[in-house]
Amino acid sequence: MNISIQREANGENLFLVAVEGEIDVFTAPELKQGLLPLTEIIGSKLTLDLNETKYMDSTALGVIVAALKSASKHQCQFVVTGLTPRIKRLFEITGLMDILKREQTNGGNADD
Amino acid sequence: MTETNDVIRLTIPAKPEFVSIARLASSGAASRMGYSFDAIEDIKVAVSEACTNAVSHGYKQMGNGQIGIVMECGSGAMTITVTHNGESFDASRVLQELKPLDPSTDLDEVSEGGLGLFLINALMDHVTISTEYGVAVQMIKFLNRDGVGHIVDKVSTTE
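These protein sequences, in sequence, are chains C and D. Letter 15 of the first sequence, counting from 1, is numbered 15 in UniProt numbering, and no numbers are missing. Letter 78 of the second sequence, counting from 1, is numbered 78 in UniProt numbering, and no numbers are missing.
Just so you know, not all the hints are guaranteed correct.
What the hints assert, rightly or not - Pairs of lysine to any residue residues, derived as SDA-like cross-links and limited to a Cα-Cα distance of at most 25 Å, are as follows:
#1 C:K54 x C:R7
#2 C:K45 x D:E109
#3 C:K45 x C:K88
#4 C:K101 x D:G28
#5 C:K32 x C:I5
#6 C:K88 x D:E97
#7 D:K99 x C:M97
#8 C:K73 x D:E109
#9 C:K69 x D:S111
#10 C:K45 x C:G62
#11 C:K54 x D:S92
#12 C:K54 x C:H74
#13 C:K54 x D:E41
#14 C:K69 x D:D102
FYI, nobody ran anything at the bench for these hints, they're computed from the structure.
Given the sequences, and given the hints that come with them, work out the whole structure.
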């Protein structure tokens with residue numbers, strides 16, 4: 001798994017985190033370490049791009065739930081984007097999709 | 001015609017970095033058997049979840065356990081059994097409580113874990129959990145059948 005974290009050049013707290021490869025029990029802790037501190041920046045806007053994520057399981061879903069919680073606590077706008085049909089299916093089966101959609105009203109959302 | 005299952009056996013250390021090996025092996029076997037792309041992905045997730053549970057719950061303290069993965073490739077189905085001798089659990093209680101995330105609960109109350117067995121059950125056609133010696137999760141995926149079935153009444157336990 002490769003994580004790239006980009007910050008918008010204009011100096012605002014806009015972050016794009018792109019995950020390439022596989023998120024599982026081995027790599028999920030690294031994603032959590034990269035993602036959580038960004039959700040703790042008050043008023044930041046954070047986008048998690050999963051377009052290049054080839055595999056994920058419940059360990060990744062747990063990280064996303066943790067990030068959602070932290071973002072909501074710190075008024076961070078957390079968006080998950082680039083859902084492949086596979087990942088979308090996991091989101092739907094587990095109910096995470098509904099939670100992401102619900103959090104839209106609080107600032108975060110899920111895009112295709 | 002008598003059916004002889006081809007059997008693949010794999011033992012991996014119960015450590016996070018080896019779970020991908022089980023995933024690779026199961027995806028290779030499933031692909032060899034002619035499963036669809038989606039079914040292969042379902043099998044990969046289910047095998048990973050079973051191994052993740054073994055790593056996280058089974059060997060929390062010990063750190064030197066092994067996970068056994070047996071893949072039986074039959075003519076119409078693949079049966080995968082993931083076993084470990086770590087800490088056991090009350091399978092019937094856990095299975096009764098399997099549920100997806102509830103969008104009506106407060107975000108703070110949403111659990112960050114516990115979806116592993118739920119996913120196994122949702123993605124495979126038949127799941128049996130035995131907790132007699134350690135934990136054995138047996139999962140069956142039929143060929144030519146839609147991956148997501150009804151969740152109710154699909155799991156059984158033997159204790």
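Verification of the supplied hints:
This hinted pair checks out: C:K54 and C:R7 have alpha carbons roughly 24 Å apart, not beyond 25 Å. Proposed proximity of C:K45 and D:E109 is supported: the alpha carbons are some 23 Å apart, at most 25 Å. This hinted pair checks out: C:K45 and C:K88 have alpha carbons roughly 22 Å apart, not beyond 25 Å. Under the criterion of a C-alpha separation no larger than 25 Å, the hint pairing C:K101 with D:G28 is inconsistent with the structure, at around 35 Å.
For the hint pairing C:K32 with C:I5, the CA-to-CA distance comes to about 13 Å; that is within 25 Å, so the pair holds. For the hint linking C:K88 to D:E97, the alpha-carbon distance of about 24 Å falls within 25 Å, and the restraint holds. As the CA atoms of D:K99 and C:M97 are separated by approximately 15 Å, the hinted pair is consistent with the 25 Å bound. Proposed proximity of C:K73 and D:E109 is supported: the alpha carbons are some 13 Å apart, at most 25 Å.
For the proposed pair C:K69 and D:S111, the alpha carbon gap of about 10 Å is at most 25 Å, so the pair holds. At most 25 Å may separate the alpha-carbon atoms for a hinted pair to count; C:K45 and C:G62 meet this at roughly 20 Å. In summary, the hint linking C:K54 to D:S92 is not supported, as the alpha carbons are separated by about 33 Å, beyond the 25 Å threshold. This hinted pair does not check out: C:K54 and C:H74 have alpha carbons roughly 30 Å apart, beyond 25 Å.
Between C:K54 and D:E41, the direct Cα distance comes to roughly 10 Å. Compliance with the 25 Å bound is thereby established for this hinted pair. Pair hint C:K69 plus D:D102 holds up; C-alpha atoms about 14 Å apart against a cutoff of 25 Å.
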